[in-house]
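Produce the complete structure using the sequences and hints provided.
Going line by line, the protein sequences match chains A and B. For the first sequence, position 570 (counting from the first letter as 1) is numbered 1037 according to this note's numbering, and the numbering increases by one without interruption. For the second sequence, position 36 (counting from the first letter as 1) is numbered 41 according to this note's numbering, and the numbering increases by one without interruption.
Covered stretches of chain A (chain B as the covering partner; in silico rule of three or more C-beta atoms under 8 Å from a C-beta of chain B):
(1) 1086–1094
(2) 1104–1113
To list a few chain B residues with every Cβ distance to chain A over 10 Å, as calculated:
(3) L18
(4) D27
(5) R61
(6) L98
(7) V106
(8) K109
(9) C210
(10) V270
(11) G272
(12) P292
For the record, the hints were derived by calculation from the structure and aren't laboratory data. No residue lacks a Cβ here, since even glycine has one placed at the ideal position from N, Cα and C.
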Amino acid sequence: MASDSDSDGDFVTFGTPLEPLEEDEPLRKPVPLYEQTVKDEKGRYQRFHGAFTGGFSAGYFNTVGTKEGWTPATFVSSRQQKAGRQNARPEDFMDEEDLGDHGIAPRQITTTADFASGRKDVIRDKARAITSLSAPIPGDTVLEDLVAPARSSMGVELLRKMGWKDGQGVGPRVKRRLCKQRADSATRAFGSASPPNGSSESQDEEDGEFVPENVTFAPKDVTPIDFTPKVDLHGLGYRGLNPLAALRGGPGAGHINLFTMDSDRTNSLFGEDRKGQRRRGGVAGQGFGVGAMEDDDEDIYHRDIMSNYDTVLGGEEPGNGLYGWTAPQQYNRKKKDHSKDAAYLGKILEGFTLASDKLETKTIFPPPNLPRDFRPVHYFRPVVDLSSVSPMVAQALQTSRGHMAQEEPSKGGRHQLDSAQRRELLGEATLQGPSSVFDLLKVEDRERLSSLRRPSSDTSSGPRQPTPGEARAAVVAAGVAAAAARASAQKALSSRFAPHAEQQQQEALSVWSGPTAQAQTGQTFKPFERTPHKQARYDLYIDQLKQGDRDALELSLDPTMTEWERGRERDEFVRAALLYKPSSSSLSCRFTRGKQDDGVEADTVEVTRDQENDVDDKQAAVKMKMFGKLTRDTFEWHPDNLLCKRFNIPDPYPGSGFVGMPKVKRDKFSVFNFLTVSESPTASASPAPQGVKPSEPGKRSRWDVSGQAGDKERKEKDPVSEFLSVARIEASGSGPEASTTDGPTTDPTVEPDTEQKEEEEEEESRPSMDLFKAIFASSSDEKSSSSSEGESEEEEEKEEGVRSKAGTGPQISNQLNVNTTQPAPPVSTTPSQHPDILFKTPSGPAAAPPPRDQEMEEEEFGPRLPPPSSTLTAERRPSPTPSAKDDKHKKKCKEKHKAKKHGKHKKDKKVRPGKTT
Amino acid sequence: MSFPQPKPEVPQLPQNLLRTIDCQQGAVRAVRFNADGNYLLSCGSDKSLKLWSVSRGTLLKTYSGHGYEVLDADGSYDNSQLCSCSSDKTVILWDVATGQVTRKLRGHAGKVNCVQFNEEATVILSGSIDGTVRCWDTRSRKFDPIQILDEAQDGVSSLKVSEHELLTGSVDGRVRRYDLRMGQLHVDFINSPITCVCFSADGQCTLTSSLDSTVRLLDKSTGEMLGEYTGHKMKGYKLDCCLSSKDTHVLSCSEDGHVYCWDLVEGSLMLKLPVGKAVVQSLSFHPSETRLLTAMEGRVQVWGAEPEETEEEVVVVQQEKA
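Pasting the structure below:
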């Protein structure tokens, strides 16, 4: 009906179009409801009589009257006109609406039946059926249908004239091979819809005899795709119950197969089985009784029998199971096809075929079964060799683990020990002579410290040798002696708990009442944060400790609690107070990656919870080629949910709130934050030029891993003893040796010596400069360089003292956090300089690198790399970075020298610690 | 022959030079087979990535869009996409057919050493000198990485992806294996900067080469060392190593211009393939056949088990103007 021409004028329009809106027109009032009427083109109100059949209006304005009113017409006889009366057509009774576009008998140009397509005229058929029903003899038109001439449409006629025959396809004739292929594809695509003789024919041909070359075949007929729209809401291919089949009764009807596979099966169920059976009218079957007049009552009650169900997976035997595996070929073939179809449970939808090859399914392995006693959280405890540790320390370690686990989920293990305990752990004599900070450190840390100290000893070798650090160290040593005495007393009393607790209380008091702790107000730990009351009591306890109150503990406890609870809390408080001492030095856990924004004034930094095991052990293991347990660490790691999704893997930690490694907040204020400040430029320094500065700290390359001086020394020594001597040896002895091994190994093959020297000169004396500043800068300078503003001056001074101790050497004690209460006199000489600036444009006493190079590199490399963690620096040997390594690839390129410098420079940037700006 | 053969046939080694391709794109930084081994990708230092036919040695496409030398590339399983990484800190996802940049992924703070698709090319993983591995989503429109793996303490030099695992080698001397299914990270300490890591084809072992001139075969699950292969020279360059397609041999580049090939089980040197005078920069083994690609300076060489019938010594390909 709708015209499909392109022009706009041919569109059928319904209703009245809205008036076009004008730009500056005031909003019109909406038409009130009572004025919204529908009129036809004559102005008559349309009342929508027969709205469901299309709508028409009747009479005169929906009345039975006329224009003149309700006046009965006078009778006029038509007797005389009988002869002239002709047959009335339906159109005589229609008005122009009915004959219009939307009426029941539209008057327009249509294709006549001759030219119409094969599709039947639905309306005409329906009308015919109605007339046949209402005809005087019902079924009158049946005969008419039977004798109706077989009319074919004009298109079919034309095709016939052109030589087309029924059952053939339309198109040019094709050669045999192509024809066969087409036939195959046609049968595959449309299954049983293709003409049966076609497939058999093609099979014959397949087997067949010689066919001359010049014989061509018509293409196979194509079954038109049925474009019936799907109007119901059922699933694809769902047919539902056939009411005819359900009500037909009889024994076969007891089982209703919803999933009829294909049409022939349906036929066999419902058609052929029932052929001989008399079909009864009326309602019968399950649930309906047997009438008195009926004689057979064999199947009143429904009985479903097993033979209605398939007992074998796959298809039934073709034929009647007469053939086994020796069946003739056609049975085999048929069977194969059938089994393929039947493997799919259900009807194959029209237009669909089964895939010839299966989709490859991914094998998904379930995660392994967890053992029954598996705890989902694993703490990596430090490996403490119990044999090398005094029993008291071992016991203390174990008790602290057991009790503190609930307050502090993450344990740094050895880092929570205080220095006296640590000394016990290290098996060191209690403070005979000056001990060193180095005792506390791991070997790498020590190494870095020593490399840090060497330049300082270089610079301070002159008249400044008796530094104020010496005086401070003396004071510190006194404090250390006291602590050591305490520790020894503690050792003596170790077996019994009560005096032990007493001892601890004393210790806590002494620790917290010091001026260092007094100054530290803001950043105390809150170990009992989860229970605010407890935390409040703990705070009270700490406050009183700070005031030096002896019975602080008893005062702060809640008297309403039971004795047991109080005892427990007392124990916890004392432990917590000892563990969370002001600036308790957790060593390596403080070294974190410098990823954090330096400007943020956060008290804590995030550190991965699980720390790696000792690198020394691993190195030893690697040297002995004992890979495996010793060199492997396994951590918990949370992949992103989306990443799991993309990898088609279930999230191993569903609902975990974070990704990556579990992180833990650690105190940011630590001595070692500052140590890394002054250390980092040192670390970034490149190897010393050979012969130029023999006392320069040996910077080992990352590329050469073994056979170095440090390693040799490490082999000799016991890792837990004589740190002091080693540090001294390293400070003086190993420097040149390392540097000599170093030069060639950085770039053994291609690097000319001159180049290396050049670039090394560029960086050689930066560390000393920075250290100079780190040691002798006044506290006000410190503030500018440290990002932490909440820090008190006193503490800064303390840190400074420690730093200077780290620089000046082994004459100070290891009690760096507790006892260094004496503020250091500022010994400033250099103007305050940002480490960064200082790093970029060194103004130190040594030769400065050409600034042109630096700028160039900046340009080329854009923003600087994020600084790596300081734990990283702990085990990283300063060396060329991969950039340098990769740059070496341009061996043939002429700018290799430049590239090398990029590498160095980038590495310098990388090693810069993150915590300072 | 009347006697049964005493030993199964010795697996063949790619010792015959089939073809030399002069890539004309500066130094070739890396050469890679595609997923089925019919094509090869060469990463040039002139910022271009080139796709070649292995069998004919003809240039098929040049992909230009990087701002600095291309360091690594990978092809998706269906050959419809490529990814490449470069010194310009970007990772680019390419459409193979059109040669257009589908996506340019920025975020790394340093040059990107290695890049890999995952199995279904839904994620690109890239390891950079900044010490991070970034997981980029190719499905969504987001340009941020799904996850950043920052466990490495130094630059990530090599990276491989299996079905559910991610193997990274870092300059901090550690091989990290991220097991997505178990949610675990296994760190193996090698104590020397890692230059290349590989999974074996059976997925049970990992191969790592490091700058102590050693290639090590480690058991994946326990980290124990199964084999150690030495003799080559790898001291300063990031060179590749790989396993043969049947896991029978271990191959490694060397700085002395050879490719070393060891028997995997015995650890004995089976073949020392002379490639040239310079450093063998990169190599790649065919996923199914005995075919090897090596890259030295500006050339890519294709090696096979037996010489081809049509012996073309050098195919100098006229290259389109880049």
